[in-house]
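Protein chains: 2
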Amino acid sequence: MKENKYNDQLFFDKYSKMARSEKGLEGAGEWHEFKKILPDFKEKQVLDLGCGYGWHCLYAVRQGAAHVLGTDISDKMLNVAKTKNADEKIEYRCIAMEDLDFPDASFDIVLSSLAFHYVEDFNTLMKRISSWLKKGGYLVFSVEHPVFTAYGSQDWYYDKEGNILHFPVDNYYYEGQRKAIFLDEEVIKYHRTLTTYINALLENGFTIKHLVEPEPPQEMMDIPSMKDEMRRPMMLLISAQKS
Amino acid sequence: MKENKYNDQLFFDKYSKMARSEKGLEGAGEWHEFKKILPDFKEKQVLDLGCGYGWHCLYAVRQGAAHVLGTDISDKMLNVAKTKNADEKIEYRCIAMEDLDFPDASFDIVLSSLAFHYVEDFNTLMKRISSWLKKGGYLVFSVEHPVFTAYGSQDWYYDKEGNILHFPVDNYYYEGQRKAIFLDEEVIKYHRTLTTYINALLENGFTIKHLVEPEPPQEMMDIPSMKDEMRRPMMLLISAQKS
Chain A
192 MKENKYNDQL
202 FFDKYSKMAR
212 SEKGLEGAGE
222 WHEFKKILPD
232 FKEKQVLDLG
242 CGYGWHCLYA
252 VRQGAAHVLG
262 TDISDKMLNV
272 AKTKNADEKI
282 EYRCIAMEDL
292 DFPDASFDIV
302 LSSLAFHYVE
312 DFNTLMKRIS
322 SWLKKGGYLV
332 FSVEHPVFTA
342 YGSQDWYYDK
352 EGNILHFPVD
362 NYYYEGQRKA
372 IFLDEEVIKY
382 HRTLTTYINA
392 LLENGFTIKH
402 LVEPEPPQEM
412 MDIPSMKDEM
422 RRPMMLLISA
432 QKS
Chain B
192 MKENKYNDQL
202 FFDKYSKMAR
212 SEKGLEGAGE
222 WHEFKKILPD
232 FKEKQVLDLG
242 CGYGWHCLYA
252 VRQGAAHVLG
262 TDISDKMLNV
272 AKTKNADEKI
282 EYRCIAMEDL
292 DFPDASFDIV
302 LSSLAFHYVE
312 DFNTLMKRIS
322 SWLKKGGYLV
332 FSVEHPVFTA
342 YGSQDWYYDK
352 EGNILHFPVD
362 NYYYEGQRKA
372 IFLDEEVIKY
382 HRTLTTYINA
392 LLENGFTIKH
402 LVEPEPPQEM
412 MDIPSMKDEM
422 RRPMMLLISA
432 QKS
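Same order as they appear, the protein sequences are chains A and B.
Quick note, in this note's numbering, the first sequence goes up one by one and the last residue is 434.
Quick note, in this note's numbering, the second sequence goes up one by one and the last residue is 434.
These are computed hints drawn from the structure, not numbers from a lab.
Be aware that a few hints might be false.
If several chains are the same, the list does not tell them apart, and a pair holds so long as it fits within one copy or across any two.
What the hints assert, rightly or not - Simulated crosslink set (SDA-like; lysine to any residue; CA at most 20 Å straight-line): (1) K226 - N198; (2) K370 - P230; (3) K273 - E376; (4) K267 - A306; (5) K233 - R369; (6) K214 - D413; (7) K280 - D290; (8) K273 - P407; (9) K400 - S434; (10) K193 - V310; (11) K226 - T387; (12) K400 - L260; (13) K351 - D231; (14) K275 - R319; (15) K226 - E394; (16) K267 - M421; (17) K226 - L393; (18) K196 - G327; (19) K275 - L393; (20) K326 - L316; (21) K226 - N354; (22) K418 - G367; (23) K205 - P230; (24) K226 - N390; (25) K227 - N390; (26) K193 - K235; (27) K205 - N395; (28) K325 - F202; (29) K318 - I399.
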């Protein structure tokens, strides 16, 4: 099932008020780690899957990319991208990433920020991305951590007074759909084990170059709730090279 | 701190009654996955770190290894190894793995089963193992999963009636010592993030070949509590090649 939650006006409006929406990359808690594992963009052909507002597309262009194709299932998100992050070297296309098709070796770099957990069939996607990449090309993505997606609700476990006790993990090996609460809205996401993420890469000709579970950045520690993010891993960042 | 818990008579006696102690490899829930990621042992020089009863040492010899050095901090464990799993091609040595030293390129394969979570400084150990391995050699190990070690107690979270609610994760990014309860005894283990495990390998010249969070084997599903192991990842198996 390909849900287009970001086209839901209420969800879209709430998302637009997040720090990562208003401030762009610098407002994203994982950006300080994600940018460290990005490859050299100079003269590169880049594909950004689930590009949203297009922040990473513009970043790639500013780092010297020859051309960036940003794709997203939500035209509402792309309309913002075309306003906020337009550039003559960026093309935005409204399409679900599962429906994309390209000739072999079309890209040097494939990016994806926090979008793969909306995709049901990860292995097929990796197989296809591997074919779209040139030999030696890079896939760099962030995804919600399996610890974060396993239980489903993505919420802490609290005591009666509402204090956080810990983060619950359950049903870890039962992969598939979860109904998560994000911005007080129900959003469909897909839980996968770490094993599935890594093996889909290894089996499709990738070498793992970096794997990072980003800690909250020191300068955001004064944001309420950010310190709690030291207690659980929420995201997984991976850089892999097609060998 | 190098704890020698397996030399504690009470703990040693309890451990000796576990299925993995009585039945050997076939009694270990992760063996069906671990053996799949082992390299070819023929004519190889093998080192087994924290070899315990020596089951993996004997397996390596039976698979054709030229010589196996099995090391363990506990002489009690090694006394059993010398009785149960002796072979002219196996040498057992009583020493903490942190105190070992070998010339560069001494081994083709380094193994370790469920012992690295007793080691405080993982990065230094990986650096040293990398130097002991020949180019192209393999390090294959199992370790308790970061999800399993994070909270500390390694127990489920229960309701008032004693039913399992979920598995708790907390203090994930705070690495270091944990006092776990294992066989009703307090045992010191070290929690590390997945990031630390993977980066220590990548930064010391290893390529990740396999990463598996083993599910309980189908034929053990009738053992009480084994089905619950579908709810949390307890172990992490990694095969890495020195490049």
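Against the structure, the hints come out as follows:
1. K226 - N198: neither (28 Å within a copy, 48 Å between copies)
2. K370 - P230: Classified as neither: same-chain Cα gap 34 Å, cross-chain 41 Å, threshold 20 Å.
3. K273 - E376: Answer is neither; intra-copy 26 Å and inter-copy 61 Å both fail.
4. K267 - A306: within (16 Å within a copy, 52 Å between copies)
5. K233 - R369: So K233 and R369 fail the 20 Å test inside a copy (39 Å) and across (46 Å) alike.
6. K214 - D413: Result: close within a single copy only, 17 Å intra versus 53 Å inter.
7. K280 - D290: neither (23 Å within a copy, 57 Å between copies)
8. K273 - P407: Cα proximity of K273 and P407: none, with 30 Å in one copy and 49 Å across.
9. K400 - S434: both (11 Å within a copy, 13 Å between copies)
10. K193 - V310: Cα proximity of K193 and V310: one copy only (7 Å, versus 45 Å across).
11. K226 - T387: Intra 24 Å, inter 19 Å, cutoff 20 Å: inter-copy only.
12. K400 - L260: neither (24 Å within a copy, 32 Å between copies)
13. K351 - D231: neither (50 Å within a copy, 55 Å between copies)
14. K275 - R319: This pair counts as neither: shortest intra-copy Cα distance 30 Å, inter-copy 50 Å.
15. K226 - E394: Result: close only across copies, 18 Å inter versus 26 Å intra.
16. K267 - M421: neither (33 Å within a copy, 39 Å between copies)
17. K226 - L393: between (23 Å within a copy, 18 Å between copies)
18. K196 - G327: neither (34 Å within a copy, 47 Å between copies)
19. K275 - L393: neither (36 Å within a copy, 38 Å between copies)
20. K326 - L316: within (17 Å within a copy, 34 Å between copies)
21. K226 - N354: neither (34 Å within a copy, 44 Å between copies)
22. K418 - G367: Between copies only: 18 Å across chains, 30 Å inside a chain, cut-off 20 Å.
23. K205 - P230: neither (32 Å within a copy, 51 Å between copies)
24. K226 - N390: between (24 Å within a copy, 17 Å between copies)
25. K227 - N390: For K227 and N390, the Cα distance is within 20 Å only across copies (14 Å; inside one copy 23 Å).
26. K193 - K235: neither (30 Å within a copy, 50 Å between copies)
27. K205 - N395: neither (37 Å within a copy, 44 Å between copies)
28. K325 - F202: neither (37 Å within a copy, 55 Å between copies)
29. K318 - I399: both (15 Å within a copy, 19 Å between copies)
In summary, the numbered hints that this structure violates are 1, 2, 3, 5, 7, 8, 12, 13, 14, 16, 18, 19, 21, 23, 26, 27, 28.
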